[in-house]
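J.: Each chain is listed here by its residues.
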Amino acid sequence: MKTGAEILCECLLKEGVEVVFGFPGGVLLPLYDTFPKYPELRHILVRHEQGAAHAADAYARVTGKIGVCLATSGPGATNLVTGIANAYLDSAPMLAITGQVPTFFIGKDAFQEVDITGVTIPITKYNHLVLDAAELAEYIREAIYVAQSGRPGPVLLDIPRDVLQTKTDFVFPEKVDLPGYKPKLFGHPAQIKKASDLINTVERPVIIAGRGVNVSRAFAELKELAEKSQIPVVTTFLGIGCFPESHVLSYGWLGMHGMGYANKAIHHSDLVVAIGMRFDDRATGVVSAFAPQARIIHIDIDAAEIGKNLNADVPIVGDIKNVLQVLNKQITKREHVSWLSQLDEWRAIHPATEVRDHEGLLPQYIIRQIHEVTKGDTIIVTDVGQHQMWAGQYFFYDKPNSFVSSGGLGTMGFGLPASIGAKVGAPHETVWCICGDGGFQMTVQELATMVQENLDINIAVMNNGWLGMVRQWQELIYEKRYFGTQLYNPDFVKIAEAYGIKGVKVNKKIDVRPAIEKAMAHKGPFLIEFVVEPEENVYPFVPPGKTLVEFLEMPSPSGSLKK
Amino acid sequence: MTRKHILVALVQDKPGVLNRIASTLRRRNFNIESIAVGHIEIPHLSRMTITLEGDDAKVEQVRKQLDRVVEVIRISDITYENPVEREMAMIKVKASASTRSEIIQIVDIFRANIVDVSPDSLIIVAVGNQEKVETFIELLRGFGIRELSRTGTIALPRGGAGPLTIDESKPLRHVVEHVLTEEEENLPNW
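Protein chains in written order, with this note's numbering: chain Z, 1 to 563; chain U, 1 to 190.
Please keep in mind that the hints were generated in silico from the structure rather than gathered at the bench. Remember, predicted model here, so these are calculated numbers, not experimental data. Some clues are possibly wrong.
Said to hold, decoys possible - Below, computed lysine-lysine pairings styled on DSS-like, alpha-carbon distance capped at 25 Å:
hint : chain 1 : residue 1 : chain 2 : residue 2
1    : Z       : K108      : U       : K14
2    : Z       : K518      : Z       : K505
3    : U       : K64       : Z       : K308
4    : U       : K92       : Z       : K182
5    : Z       : K194      : Z       : K375
6    : Z       : K193      : U       : K64
7    : Z       : K321      : U       : K64
8    : U       : K92       : U       : K132
9    : U       : K58       : Z       : K184
10   : Z       : K194      : U       : K132
11   : U       : K14       : Z       : K175
12   : U       : K14       : Z       : K184
13   : Z       : K223      : Z       : K193
14   : Z       : K14       : Z       : K37
15   : U       : K64       : Z       : K184
16   : U       : K64       : U       : K4
17   : Z       : K308      : U       : K132
18   : Z       : K182      : U       : K14
19   : U       : K64       : Z       : K182
20   : Z       : K193      : Z       : K14
21   : Z       : K308      : U       : K92
22   : Z       : K375      : Z       : K509
What the hints assert, rightly or not - To list a few chain U residues with every Cβ distance to chain Z over 12 Å, as calculated:
hint : residue
23   : Q12
24   : S23
25   : I123
Don't be surprised by glycine CBs; every beta carbon is placed ideally from N, CA and C.
Just chain Z, same shape as in the assembly (with noise of 0.2 Å):
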């Protein structure tokens, strides 16, 4: 006989999980006087319930294995939500274990009780109440089973304290029962087949790689493929890393921020293989002006994501490791001299990963000596806005699962939690965490969580005084009314301090490197403050409502673009 708590602890070990992100509370107290009796499970104590929904996000995306974080009922179940809905649109797999009040209250408003199972159901792919301890084990199977495969997500399970104290005989189920959940793991082969004698025949194709690439770890497959065909490669924002950039045939990624040529490519293109990518509207800009000459393949796991923004002439649902399994056997060897020429002709116009010269602290330059100084060896997480565009622009990413960042949420505060999740996840690489100043205070109190568990986590805030995104469409697209976005900000310095992190500022460009070097020699967090130009703008920028080729470009003569 095992109590509910036991249970719990001992499924997770059984499905491999090393760490839970928590934070406890009244009804989870059976649960934490338990955990002492499980040490090979480590819990990581956090410092708001949102964090440990992030840095389970992050460690899901860089270990490619489950996340777990748990929180106590009522509030610190609605903590979460945040943190769930980024894992949901960013499909990173993730079981949030939620404390619920006894069995006897549920339903009369009882101390800290809210229905969470209810709030989470449009965020979530699976969640349930448990309301028997024999249950527990089965529903924590199919949870992590249904967050896992597929399209990973996150899920929920609602666990009352009564449940957790009840004893009750434990068996883990060798098999998970859902005739309802089939995820489709192979593509048809008739729709491979079509794929195959288009891009066989075709003369101006683009990939399009997003984050199924890097969820399918597909990165060989996408890479024969690519050089098989001599196809030129985009990646989405979330699909940084699943194809090196400093490959010849990699020319940057689409949409909103995205290198000018790389929307030129995908506009004249006349074959796009979109591959694990949904079409969101940063990426297509205007969507019925997306690639308007182009012929859609479409590849994903999920067939609900085929059609829903961008009708496709070849739907292929299935694993995109399986799928381009069969289709690279299908392709020819091709080439495409003057479609490549003609894509390096629009990159050499249109510069987008160059660092102008500029005798202010720009946040670019920063970045890039970042990516000296690592030799971009290094994962890097980013929070949201104006510095996450740039870690996307002026960082080369040829890693898989190297770059870490809240795209389809665009959740400000995902940084630091976030680096958190990446660094135990991968503890023998080397995390950099880039923020804003309006990010980072948004969850700046999992400072303490590094500094608790002493993880060498190295902290930029790109600090302007501003929220800057949100500066910049006030400048270009509501004629410089600035409102609400100008910040009266703390001492970042300082602040590290307070929690016992070690920082530096910087304000002159002569800095940068030694202040960069000096947070990669120092063992545990380190926090540099980087006082940056005010109102530098991120370019291009596709203003909302125009097509990917009516990109703005940074204005000269501000600078002669160094070469």
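Fit chain U to the given chain Z structure using the hints.
T.: Structure of chain U alone, referenced to chain Z:
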């Protein structure tokens, strides 16, 4: 083209399923015209019939999203499969000595049934497709309807095996190790 669609779904009989389905439809701004749920011949399974207005492509999109719901085993749009549709209405209508015989005549024409009689009212049960039930209700309106309750449409496609038929050739149970073979896949219908 916007028209009435009939979706039929086989779902696991678990709490929250109806909620998830309704939530998905709400999110896509569909107005559910009717939804009818009941057990089927296999234990722990229910069948849902959902009728809603919408354009073909949008309904197909939401059908795929509903198919993602873990507890949904199969879901199919049978609008174009010439289904047999029925719904039932219970109507309590005012009936005095002078109007009763006229009401009974209408009930006979529509092959409805009178299931309860009281001095000043009748309860009538009518079964038919939506159009017939609505015409019937319209005819009774003049007599004074006191209470009305409708079940919403249920439907079965005509002919042999339907899209939700469960037999040995389409196994229901899937386990972790089970991988769909290519033969099990059907050409997608989009």
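J.: Could you run down the list of hints and mark each one as holding or not?
T.: Now for the hints, and whether the structure bears them out:
1. Z:K108 <-> U:K14: Roughly 22 Å between the alpha carbons, so the hint for K108 of chain Z and K14 of chain U holds.
2. Z:K518 <-> Z:K505: The given pair, whose Cα atoms are some 12 Å apart, holds under the 25 Å limit.
3. U:K64 <-> Z:K308: 10 Å, holds
4. U:K92 <-> Z:K182: Outside the cut-off at roughly 46 Å; violated.
5. Z:K194 <-> Z:K375: 42 Å, violated
6. Z:K193 <-> U:K64: 24 Å, holds
7. Z:K321 <-> U:K64: The hint holds at about 22 Å.
8. U:K92 <-> U:K132: Holds, at about 17 Å.
9. U:K58 <-> Z:K184: Measuring from Cα to Cα gives roughly 22 Å; hence the hint holds.
10. Z:K194 <-> U:K132: 47 Å, violated
11. U:K14 <-> Z:K175: Answer holds: K14 of chain U to K175 of chain Z is near 19 Å, not above 25 Å.
12. U:K14 <-> Z:K184: 23 Å, holds
13. Z:K223 <-> Z:K193: Holds, because 19 Å separates the two Cα atoms, which is no more than 25 Å.
14. Z:K14 <-> Z:K37: This hinted pair holds, its Cα atoms lying about 15 Å apart.
15. U:K64 <-> Z:K184: 13 Å, holds
16. U:K64 <-> U:K4: With a Cα-Cα distance of about 18 Å, the restraint between K64 of chain U and K4 of chain U holds, given a limit of 25 Å.
17. Z:K308 <-> U:K132: Not satisfied, since the Cα-Cα distance of roughly 36 Å exceeds 25 Å.
18. Z:K182 <-> U:K14: The hint holds at about 18 Å.
19. U:K64 <-> Z:K182: 13 Å, holds
20. Z:K193 <-> Z:K14: 41 Å, violated
21. Z:K308 <-> U:K92: 45 Å, violated
22. Z:K375 <-> Z:K509: 19 Å, holds
23. Q12: Since the minimum Cβ distance to chain Z is about 6 Å, Q12 of chain U lies within 12 Å and the statement is violated.
24. S23: 5 Å, violated
25. I123: 34 Å, holds
Going down the numbered hints, you'll see the structure goes against 4, 5, 10, 17, 20, 21, 23, 24, while the others check out.
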